[in-house]
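From just these sequences and the hints, can you work out the full model?
Chains as they are written, first to last, in the numbering used here: chain U, 1 to 444; chain P, 1 to 444.
Check the hints yourself; a few may be wrong.
Result set (BS3-like, lysine-lysine): computed pairs, CA atoms no more than 30 Å apart in a straight line [to be verified]:
{"id": "1", "chain 1": "P", "residue 1": "Lys395", "chain 2": "U", "residue 2": "Lys161"}
{"id": "2", "chain 1": "P", "residue 1": "Lys170", "chain 2": "U", "residue 2": "Lys161"}
{"id": "3", "chain 1": "P", "residue 1": "Lys161", "chain 2": "U", "residue 2": "Lys148"}
{"id": "4", "chain 1": "P", "residue 1": "Lys170", "chain 2": "U", "residue 2": "Lys435"}
{"id": "5", "chain 1": "P", "residue 1": "Lys157", "chain 2": "U", "residue 2": "Lys157"}
{"id": "6", "chain 1": "U", "residue 1": "Lys157", "chain 2": "P", "residue 2": "Lys309"}
{"id": "7", "chain 1": "U", "residue 1": "Lys395", "chain 2": "U", "residue 2": "Lys148"}
{"id": "8", "chain 1": "P", "residue 1": "Lys372", "chain 2": "P", "residue 2": "Lys432"}
{"id": "9", "chain 1": "U", "residue 1": "Lys395", "chain 2": "P", "residue 2": "Lys107"}
{"id": "10", "chain 1": "P", "residue 1": "Lys443", "chain 2": "U", "residue 2": "Lys170"}
{"id": "11", "chain 1": "U", "residue 1": "Lys124", "chain 2": "U", "residue 2": "Lys161"}
{"id": "12", "chain 1": "U", "residue 1": "Lys435", "chain 2": "P", "residue 2": "Lys161"}
{"id": "13", "chain 1": "P", "residue 1": "Lys133", "chain 2": "U", "residue 2": "Lys309"}
{"id": "14", "chain 1": "P", "residue 1": "Lys382", "chain 2": "P", "residue 2": "Lys443"}
{"id": "15", "chain 1": "U", "residue 1": "Lys148", "chain 2": "U", "residue 2": "Lys309"}
{"id": "16", "chain 1": "P", "residue 1": "Lys170", "chain 2": "U", "residue 2": "Lys148"}
{"id": "17", "chain 1": "U", "residue 1": "Lys157", "chain 2": "U", "residue 2": "Lys127"}
{"id": "18", "chain 1": "U", "residue 1": "Lys161", "chain 2": "P", "residue 2": "Lys435"}
{"id": "19", "chain 1": "U", "residue 1": "Lys170", "chain 2": "P", "residue 2": "Lys432"}
{"id": "20", "chain 1": "U", "residue 1": "Lys107", "chain 2": "P", "residue 2": "Lys395"}
{"id": "21", "chain 1": "P", "residue 1": "Lys157", "chain 2": "U", "residue 2": "Lys395"}
{"id": "22", "chain 1": "P", "residue 1": "Lys124", "chain 2": "P", "residue 2": "Lys170"}
{"id": "23", "chain 1": "P", "residue 1": "Lys417", "chain 2": "P", "residue 2": "Lys309"}
{"id": "24", "chain 1": "P", "residue 1": "Lys107", "chain 2": "U", "residue 2": "Lys161"}
{"id": "25", "chain 1": "U", "residue 1": "Lys170", "chain 2": "P", "residue 2": "Lys435"}
{"id": "26", "chain 1": "U", "residue 1": "Lys432", "chain 2": "P", "residue 2": "Lys432"}
{"id": "27", "chain 1": "U", "residue 1": "Lys309", "chain 2": "U", "residue 2": "Lys380"}
{"id": "28", "chain 1": "U", "residue 1": "Lys443", "chain 2": "U", "residue 2": "Lys380"}
{"id": "29", "chain 1": "P", "residue 1": "Lys170", "chain 2": "U", "residue 2": "Lys417"}
{"id": "30", "chain 1": "P", "residue 1": "Lys382", "chain 2": "P", "residue 2": "Lys395"}
{"id": "31", "chain 1": "P", "residue 1": "Lys107", "chain 2": "P", "residue 2": "Lys161"}
{"id": "32", "chain 1": "U", "residue 1": "Lys372", "chain 2": "U", "residue 2": "Lys309"}
{"id": "33", "chain 1": "U", "residue 1": "Lys107", "chain 2": "P", "residue 2": "Lys432"}
{"id": "34", "chain 1": "U", "residue 1": "Lys133", "chain 2": "U", "residue 2": "Lys157"}
{"id": "35", "chain 1": "P", "residue 1": "Lys107", "chain 2": "U", "residue 2": "Lys309"}
{"id": "36", "chain 1": "P", "residue 1": "Lys133", "chain 2": "U", "residue 2": "Lys157"}
{"id": "37", "chain 1": "P", "residue 1": "Lys372", "chain 2": "P", "residue 2": "Lys443"}
Chain U side only, calculated, beta carbon under 8 Å to chain P, not exhaustive [said to hold, decoys possible]:
{"id": "38", "residue": "Gly132"}
{"id": "39", "residue": "Leu223"}
{"id": "40", "residue": "Ala230"}
Keep in mind that the hints were calculated from the coordinates and are not lab data. Virtual Cβ for every residue (Gly too), placed ideally from N, Cα, C.
There are 2 protein chains.
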Amino acid sequence: MASSSSLVQPSVRLPSKNPSVRRFALVGRTNHSPLRLNPIRISVSASHRTRLDVQASSAPAMMEEATSGSRSSTVVDVDLGNRSYPIYIGSGLLDEHDLLQRHVTGKQVLVVTNTTVAPLYLDKVIKALTDGKPNVTVESVILPDGEKYKDMDTLMKVFDKAIETRLDRKCTFVALGGGVIGDMCGFAAAAFLRGVNFIQIPTTLMAQVDSSVGGKTGVNHPLGKNLIGAFYQPQCVLIDTDTLNTLPDRELASGIAEVVKYGLIRDAEFFEWQEKNMQALLSRDPSALAYAIKRSCENKAEVVSLDEKESGLRATLNLGHTFGHAIETGFGYGQWLHGEAVAAGTVLHLCLSVMAVDMSYRLGWIDDTIVKRVLNILQKAKLPTTPPDMMTVEKFESLMAVDKKVADGLLRLILLKGPLGNCVFTGDYDRKVLKETLHAFCKF
Amino acid sequence: MASSSSLVQPSVRLPSKNPSVRRFALVGRTNHSPLRLNPIRISVSASHRTRLDVQASSAPAMMEEATSGSRSSTVVDVDLGNRSYPIYIGSGLLDEHDLLQRHVTGKQVLVVTNTTVAPLYLDKVIKALTDGKPNVTVESVILPDGEKYKDMDTLMKVFDKAIETRLDRKCTFVALGGGVIGDMCGFAAAAFLRGVNFIQIPTTLMAQVDSSVGGKTGVNHPLGKNLIGAFYQPQCVLIDTDTLNTLPDRELASGIAEVVKYGLIRDAEFFEWQEKNMQALLSRDPSALAYAIKRSCENKAEVVSLDEKESGLRATLNLGHTFGHAIETGFGYGQWLHGEAVAAGTVLHLCLSVMAVDMSYRLGWIDDTIVKRVLNILQKAKLPTTPPDMMTVEKFESLMAVDKKVADGLLRLILLKGPLGNCVFTGDYDRKVLKETLHAFCKF
Numbered sequence: 001m002a003s004s005s006s007l008v009q010p011s012v013r014l015p016s017k018n019p020s021v022r023r024f025a026l027v028g029r030t031n032h033s034p035l036r037l038n039p040i041r042i043s044v045s046a047s048h049r050t051r052l053d054v055q056a057s058s059a060p061a062m063m064e065e066a067t068s069g070s071r072s073s074t075v076v077d078v079d080l081g082n083r084s085y086p087i088y089i090g091s092g093l094l095d096e097h098d099l100l101q102r103h104v105t106g107k108q109v110l111v112v113t114n115t116t117v118a119p120l121y122l123d124k125v126i127k128a129l130t131d132g133k134p135n136v137t138v139e140s141v142i143l144p145d146g147e148k149y150k151d152m153d154t155l156m157k158v159f160d161k162a163i164e165t166r167l168d169r170k171c172t173f174v175a176l177g178g179g180v181i182g183d184m185c186g187f188a189a190a191a192f193l194r195g196v197n198f199i200q201i202p203t204t205l206m207a208q209v210d211s212s213v214g215g216k217t218g219v220n221h222p223l224g225k226n227l228i229g230a231f232y233q234p235q236c237v238l239i240d241t242d243t244l245n246t247l248p249d250r251e252l253a254s255g256i257a258e259v260v261k262y263g264l265i266r267d268a269e270f271f272e273w274q275e276k277n278m279q280a281l282l283s284r285d286p287s288a289l290a291y292a293i294k295r296s297c298e299n300k301a302e303v304v305s306l307d308e309k310e311s312g313l314r315a316t317l318n319l320g321h322t323f324g325h326a327i328e329t330g331f332g333y334g335q336w337l338h339g340e341a342v343a344a345g346t347v348l349h350l351c352l353s354v355m356a357v358d359m360s361y362r363l364g365w366i367d368d369t370i371v372k373r374v375l376n377i378l379q380k381a382k383l384p385t386t387p388p389d390m391m392t393v394e395k396f397e398s399l400m401a402v403d404k405k406v407a408d409g410l411l412r413l414i415l416l417k418g419p420l421g422n423c424v425f426t427g428d429y430d431r432k433v434l435k436e437t438l439h440a441f442c443k444f
Numbered sequence: 001m002a003s004s005s006s007l008v009q010p011s012v013r014l015p016s017k018n019p020s021v022r023r024f025a026l027v028g029r030t031n032h033s034p035l036r037l038n039p040i041r042i043s044v045s046a047s048h049r050t051r052l053d054v055q056a057s058s059a060p061a062m063m064e065e066a067t068s069g070s071r072s073s074t075v076v077d078v079d080l081g082n083r084s085y086p087i088y089i090g091s092g093l094l095d096e097h098d099l100l101q102r103h104v105t106g107k108q109v110l111v112v113t114n115t116t117v118a119p120l121y122l123d124k125v126i127k128a129l130t131d132g133k134p135n136v137t138v139e140s141v142i143l144p145d146g147e148k149y150k151d152m153d154t155l156m157k158v159f160d161k162a163i164e165t166r167l168d169r170k171c172t173f174v175a176l177g178g179g180v181i182g183d184m185c186g187f188a189a190a191a192f193l194r195g196v197n198f199i200q201i202p203t204t205l206m207a208q209v210d211s212s213v214g215g216k217t218g219v220n221h222p223l224g225k226n227l228i229g230a231f232y233q234p235q236c237v238l239i240d241t242d243t244l245n246t247l248p249d250r251e252l253a254s255g256i257a258e259v260v261k262y263g264l265i266r267d268a269e270f271f272e273w274q275e276k277n278m279q280a281l282l283s284r285d286p287s288a289l290a291y292a293i294k295r296s297c298e299n300k301a302e303v304v305s306l307d308e309k310e311s312g313l314r315a316t317l318n319l320g321h322t323f324g325h326a327i328e329t330g331f332g333y334g335q336w337l338h339g340e341a342v343a344a345g346t347v348l349h350l351c352l353s354v355m356a357v358d359m360s361y362r363l364g365w366i367d368d369t370i371v372k373r374v375l376n377i378l379q380k381a382k383l384p385t386t387p388p389d390m391m392t393v394e395k396f397e398s399l400m401a402v403d404k405k406v407a408d409g410l411l412r413l414i415l416l417k418g419p420l421g422n423c424v425f426t427g428d429y430d431r432k433v434l435k436e437t438l439h440a441f442c443k444f
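Given below as structure tokens:
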């Protein structure tokens with residue numbers, strides 16, 4: 001059996017088809033120099049229609065936005081041909097009613113949310129959808145909160161509501177909540193009448209930097225996460241950073257784990273920014289959060305644009321997820337937050353941090369300074385760095401075999417290789433080293 | 001509220017991008033002359049790689065194929081850019097193992113079939129998939145037979161099997177059965193791991209001429225048919241006309257109802273051919289069936305190529321379905337076969353025949369000779385021409401309101417207009433006439 005390996009080039013030159021389009025480009029780099037991000041980003045203030053020229057260097061850009069005085073927002077575009085869409089990022093965007101309304105099709109809207117988020121933001125969203133629009137009717141379905149409800153039975157409640165209220169093909173679904181709500185609402189929108197429009201309003205950091213962007217939707221199966229779903233793109237993603245004010249610390253840290261991932265696998269400069277600004281992120285400095293979200297979305301948007309259906313490059317975004325998902329499944333959905341499991345998965349073995357890093361280091365693919373920096377930043381972010389005791393080597397191996405990244409029986413992993421900010425998605429590694437790492441991190 | 005109307009032109013000139021490609025083209029016609037189909041069809045014998053030049057006139061073409069002596073097959077291409085695929089039509093194609101194998105990706109195959117079809121053809125299909133392919137493993141899931149099992153609970157059994165047997169992203173799903181199996185297997189393939197390859201092997205006339213072609217997949221909801229699903233195209237459709245030898249008479253008649261539809265809405269010459277050859281179809285003359293399937297698939301392939309997602313033209317294929325679905329839903333799934341309900345729906349009101357025809361006639365859009373011809377051909381085909389007693393006007397109106405063709409609350413119908421072979425998809429009709437037709441066909 002041939003093993004497959006693909007070195008992922010994190011710095012690619014994107015042809016700028018149209019200079020007036022809001023885009024960003026990364027310049028090339030030589031093999032051993034540190035990754036240099038030189039983004040030509042043009043950010044548009046959606047609310048005030050003024051331009052903000054964001055600098056290439058991260059921190060000054062953040063400060064410039066933070067001190068600009070007026071309430072400003074940024075747009076990151078996901079370039080997918082006729083399925084392209086904007087991600088609006090900013091404070092108070094839920095009060096910019098026009099922003100949401102311009103992406104609503106038809107006269108019927110179904111808001112899908114959960115019991116935690118509904119009391120906080122549902123009225124605000126309904127107001128934003130109906131303000132000055134007497135012909136628009138809004139229905140809502142409030143699901144129980146938590147990963148353990150991300151299943152087909154709960155999804156059916158969305159279909160029940162949509163059908164009982166006689167929504168038609170032109171209607172719009174709105175996902176209001178975290179990653180679970182976004183994934184379920186997105187899949188419901190993909191499958192209802194074989195596809196209706198939908199809008200993402202992510203209210204957790206995790207959803208804002210990861211799951212709301214890129215069109216992956218779905219539900220879990222008792223034997224594995226996200227095994228049933230669709231690639232389905234929203235009309236827009238609206239990120240009101242004010243919603244993070246109500247997010248519990250633990251969920252904030254989960255989101256930060258995803259932010260760290262982008263730095264680690266493809267954006268060394270962003271990783272360095274995080275090392276300096278982790279405290280600001282943890283203390284919810286609005287401008288630090290807005291900057292981290294924007295840069296994360298830019299990284300994700302670029303990857304998704306290049307590889308929507310995950311034939312190669314996009315798989316690198318799963319750094320840590322093979323192990324993370326194995327932990328979540330083995331432990332029972334919802335006991336750990338997604339981000340925590342991912343961080344622990346990293347520590348265990350694979351990806352986001354210590355586990356992937358450990359294995360990469362054991363393979364001789366990275367040097368020990370990266371190992372130390374990863375451990376350090378995860379501890380700063382107060383993310384767990386060891387898996388639960390009940391995760392045995394055997395359990396890991398069994399669960400990983402079901403993982404979607406198994407192709408023709410070959411387990412391909414995302415591992416770090418070379419200077420910080422580089423990774424590979426490969427099945428070409430020494431199986432003994434995988435076992436060594438598993439044994440190093442599991443008690444049994 | 002503006003009503004919308006769109007006159008559907010059944011005869012369009014398709015640019016022939018590449019004359020060597022297997023295509024067909026329809027020439028234009030003047031307004032009041034009868035529709036003239038002048039197909040430049042090039043049919044390739046898939047099994048023997050010899051060309052058969054099929055004549056424009058229907059009957060001679062049929063005879064030529066039937067008397068050609070050798071076992072021959074025809075290919076109809078569905079042109080959808082990078083999602084294009086062939087429909088193979090012929091006798092004994094399940095014995096042409098290479099034909100099936102060339103469309104299998106990966107090394108794992110899941111055959112989805114039902115308790116009726118499995119004893120007849122499952123072994124044959126497994127043999128076709130594995131002959132000379134020791135590395136290919138085939139799993140199968142055998143679902144209960146019938147429209148009443150076309151639901152999410154039954155669909156989950158397909159996912160269970162796929163996950164338990166650890167199928168990966170490169171696997172291939174094969175739908176072996178009628179329309180219910182094709183729709184469910186297709187939706188399962190669309191949603192499993194967010195999309196895997198699949199192949200359609202339809203074994204009923206209904207599935208061969210309609211549901212297996214065009215990528216509509218899905219399951220029913222207790223409140224309506226096909227409300228949950230996806231547009232998802234197969235790798236190929238393989239129609240072995242020998243499978244019709246085991247089809248019950250009642251199901252054959254259901255398929256013939258769909259064949260009649262193509263003639264009625266867009267191919268007057270095909271309708272005339274049916275008027276002359278209905279007895280041959282009912283007595284299962286192999287060449288008559290093969291010709292009817294091919295010409296039906298050509299009509300459907302053309303419509304689907306022009307309007308994959310049903311923004312307009314494709315909706316005309318739903319002729320009769322709004323009423324048909326209403327009958328099926330009101331009566332309970334599975335009590336009537338799909339085709340029978342469609343035919344009765346026609347009689348009732350809308351589309352395939354008498355109901356659509358009745359309303360079209362009441363509107364003054366067609367003359368009475370069409371009404372007579374439609375009644376006549378349906379009676380020849382032994383299809384029911386009256387709805388069940390329990391279908392009241394009130395029930396019809398309530399069920400139709402849920403129909404997907406309701407857009408912004410406006411019920412658009414497919415109605416005949418002009419000479420035979422012409423129809424419109426429109427919401428611009430006198431509501432009183434709809435009521436008149438309903439009252440004419442319902443006892444209560």
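Which of the stated hints cannot be reconciled with the structure, identified by number in ascending sequence?
Of the numbered hints, 2, 10, 24, 26, 27, 32, 36 and 38 do not hold.
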